[in-house]
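Positions -8 to 278 (this note's numbering) are the ones given, in order, by the sequence shown.
Keep in mind that a hint or two might mislead.
[To be verified] Pairwise CB distance ranges, derived in the manner of DEER restraints:
| id | residue 1 | residue 2 | range |
| --- | --- | --- | --- |
| 1 | K96 | T21 | 31 to 37 Å |
| 2 | D201 | R79 | 46 to 52 Å |
| 3 | M211 | Y70 | 37 to 43 Å |
These aren't lab readings, by the way, just hints derived from the structure by calculation.
Here the structure is a predicted model, which is why all the values come from computation and not from measurement.
A virtual CB, placed ideally from N, CA and C, is assigned to each residue, including glycine.
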Amino acid sequence: MGAWGTGISSNDTYADIYGQFIDLYNEGFTVPEITKRLIDENDETISIVEDAPNFWFAIANGQWECKDLKEEIFSKVEYLINSGEDIRIWKELEASLADIKSREKALEKFLSKLKTEKDKPRKRTKKKFYNSVYQKGDCLTYLMDNGNYGGAFVLTDEQQTETGTNYIAITTIDKPIKPTLDDFKSAEVYLKRVNEISFSQTVMKENWVDQAQIGGFSAMLKKKDVEIEIVGKLQIYKEYEVRRDIIVGFGWIALKSKIPFKDEYLKINGHPKTKLKLSEWTKKHWL
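Using the sequences and the hints, build the whole thing.
Following this line, the structure appears as structure tokens:
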């Protein structure tokens, strides 16, 4: 079920289905079209006892928001709540008495809302898409907090996505004058010694790794207080593979602050054991 709270919306199933419902509604689909599509595509979720109620709650709330709550959907939700089926599931999952009472109140409030017709249907909003700020291969420089110029290299770009993200590698360039393209050709990616903690069968494991300071910079975020100049461009011969298991995002201000704090960080966590150069992506490795 993936619940993080007792509220109707406080679980993964609800959040996913409701999110899809509203996205499809904003794209212009009708409520019946959306409902049929989500039911057809989520047969497995509906068949899982602990997930089914949250699926139907999401559908019902989506329909209610659009002022088109269907009687058959309302009846399903009413049964799940009034019969005690949803609470039975929570008890079987060994929820605490306090959580069960809180869930009961949330269910009562939700059902009461569904019985009250909404004044106006939800307004459709057009989703905004972004182009990433920089192009793949751009070499960026900027004035850092220590008064020197830093350098970062753009590894990826994208067009018309929800975030317009560039994955950018922060280098160890730290110069009193603006770096040149030659500086980028020999530049190293800034690595931080990081203690990654994981748990296996309640046993905590620590693993010190060298973490490359490569992160996503979104066009949605303003480049506040950071003036960035493109020094030039380097050809990329090896594509950067974004790790989907660990998504790292940076604010643009990180360009100014990470390198000036490097020495202090080294004192606390030690020096990295490896090195990583931009040539990992800019050099023709097969030659």
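Can the suggested window of 37 to 43 Å be confirmed for the beta-carbon pair M211 and Y70? holds, 42 Å
Given the hint of 31 to 37 Å, is the C-beta distance from K96 to T21 inside that range or not? holds, 33 Å
R79 and D201 - C-beta distance against the hinted 46 to 52 Å: holds, 50 Å
When held up to the earlier numbered hints, the structure conflicts with none and fits them all.
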